[in-house]
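**Q** Just so you know, the sequence shown maps onto residues 1 to 195 in this note's numbering.
What the hints contain is simulated information worked out from the structure, not anything from laboratory work.
Among the hints, erroneous ones may be present.
Computed list of lysine to aspartate or glutamate pairs in DMTMM-like fashion (alpha-carbon distance at most 25 Å, straight line) [as the list claims (entries may be wrong)]:
id	residue 1	residue 2
1	K71	E15
2	K38	E22
3	K94	E15
4	K186	D58
5	K111	E121
6	K62	E118
7	K186	E70
8	K71	E121
9	K63	E169
10	K156	E84
11	K122	E169
12	K30	D19
13	K33	D159
14	K142	E34
15	K82	E152
16	K142	D58
17	K30	D146
18	K186	E22
19	K82	D19
20	K71	E117
21	K94	D19
22	K63	E121
23	K108	E70
24	K108	D119
25	K168	E84
26	K71	E59
27	K176	E59
28	K111	E84
29	K111	E70
30	K188	D58
31	K32	D146
32	K186	E126
33	K62	E126
34	K186	D119
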Amino acid sequence: MNEAQKNIRAFLAIEPPVDILEAAGILQEKLKKEITGKVSWTKPQGNHLTLKFFGNIDENDKKNICAAVEKQVALTTPLSIKIEGTDCFPNSKKPRVLWLGASGDIEKIAKLQAQLEEDFEKIGFERENRNFRPHLTLGRVKNPGDVTGVGEAINKYSDYSAGEFICKEVVLFQSKLAPQGAIYSKLKTFNFIGE
Numbered sequence: 001m002n003e004a005q006k007n008i009r010a011f012l013a014i015e016p017p018v019d020i021l022e023a024a025g026i027l028q029e030k031l032k033k034e035i036t037g038k039v040s041w042t043k044p045q046g047n048h049l050t051l052k053f054f055g056n057i058d059e060n061d062k063k064n065i066c067a068a069v070e071k072q073v074a075l076t077t078p079l080s081i082k083i084e085g086t087d088c089f090p091n092s093k094k095p096r097v098l099w100l101g102a103s104g105d106i107e108k109i110a111k112l113q114a115q116l117e118e119d120f121e122k123i124g125f126e127r128e129n130r131n132f133r134p135h136l137t138l139g140r141v142k143n144p145g146d147v148t149g150v151g152e153a154i155n156k157y158s159d160y161s162a163g164e165f166i167c168k169e170v171v172l173f174q175s176k177l178a179p180q181g182a183i184y185s186k187l188k189t190f191n192f193i194g195e
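Input sequences plus hints: build the corresponding full structure.
**A** In structure tokens:
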């Protein structure tokens with residue numbers, strides 16, 4: 001199949017409720033006042049906990065991904081997730097990604113994500129080589145040398161909590177790149193139905 005037909009830029013994620021996304025947005029506003037330099041801030045309403053980024057896929061890939069996800073959600077019960085704790089990748093001296101972490105049923109999420117990675121690898125998607133760390137991306141830094149105040153801000157808001165929720169589903173999203181930032185649309189929602 002030629003690459004031109006792989007025109008769906010897709011990822012699988014958990015979508016937090018609006019009140020949590022709004023609380024993440026409040027934190028972003030606080031960080032914007034404390035961090036100087038060029039940070040590309042995310043739009044809070046488009047934020048999510050990514051389980052797998054696929055890149056460009058076609059309809060056949062989509063069908064195979066959906067089958068793999070359906071198999072796993074049938075075994076998964078709803079998850080309790082708390083969005084809290086500000087930090088950055090790889091570290092505050094050379095920050096690339098500013099984020100808000102997750103706690104709660106993290107072992108269950110990690111187990112689900114690991115099983116999905118295994119299933120996705122069987123259908124042709126390369127396994128992620130970094131450890132899975134569920135988070136909401138708050139901002140990205142292109143040149144860490146151009147920003148100041150990250151370490152102090154991260155420490156100041158390290159115990160920030162955006163709230164908690166019961167996660168009952170995962171979503172396969174399509175991401176369309178636009179000048180004003182990525183536009184996300186839901187391709188399919190998968191409800192957890194495990195006992």
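**Q** Evaluate each hint against the coordinates.
**A** Status of the hints after comparison with the structure:
1. K71 x E15: Status holds; Cα separation ~20 Å.
2. K38 x E22: Measuring from Cα to Cα gives roughly 22 Å; hence the hint holds.
3. K94 x E15: violated, 28 Å
4. K186 x D58: holds, 15 Å
5. K111 x E121: The given pair, whose Cα atoms are some 15 Å apart, holds under the 25 Å limit.
6. K62 x E118: holds, 16 Å
7. K186 x E70: holds, 16 Å
8. K71 x E121: Status holds; Cα separation ~15 Å.
9. K63 x E169: Holds - the C-alpha atoms of E169 and K63 are around 18 Å apart, at most 25 Å.
10. K156 x E84: holds, 13 Å
11. K122 x E169: Holds: K122 and E169 sit about 23 Å apart, inside 25 Å.
12. K30 x D19: Holds - the C-alpha atoms of D19 and K30 are around 17 Å apart, at most 25 Å.
13. K33 x D159: holds, 18 Å
14. K142 x E34: Given that 25 Å is the threshold and the Cα spacing comes to 18 Å, the pair holds.
15. K82 x E152: Holds - the C-alpha atoms of E152 and K82 are around 23 Å apart, at most 25 Å.
16. K142 x D58: violated, 30 Å
17. K30 x D146: holds, 19 Å
18. K186 x E22: Answer holds: K186 to E22 is near 20 Å, not above 25 Å.
19. K82 x D19: At roughly 12 Å apart (the allowed maximum being 25 Å), D19 and K82 satisfy the hint.
20. K71 x E117: Roughly 13 Å between the alpha carbons, so the hint for K71 and E117 holds.
21. K94 x D19: violated, 31 Å
22. K63 x E121: holds, 15 Å
23. K108 x E70: holds, 16 Å
24. K108 x D119: Within the cut-off at roughly 17 Å; holds.
25. K168 x E84: Holds: K168 and E84 sit about 19 Å apart, inside 25 Å.
26. K71 x E59: holds, 19 Å
27. K176 x E59: It holds: about 16 Å lies between the C-alpha atoms, which stays within 25 Å.
28. K111 x E84: This hinted pair holds, its Cα atoms lying about 20 Å apart.
29. K111 x E70: holds, 15 Å
30. K188 x D58: Cα-Cα ~15 Å, so holds.
31. K32 x D146: OK: K32 and D146 at ~14 Å, within 25 Å.
32. K186 x E126: holds, 23 Å
33. K62 x E126: holds, 15 Å
34. K186 x D119: holds, 21 Å
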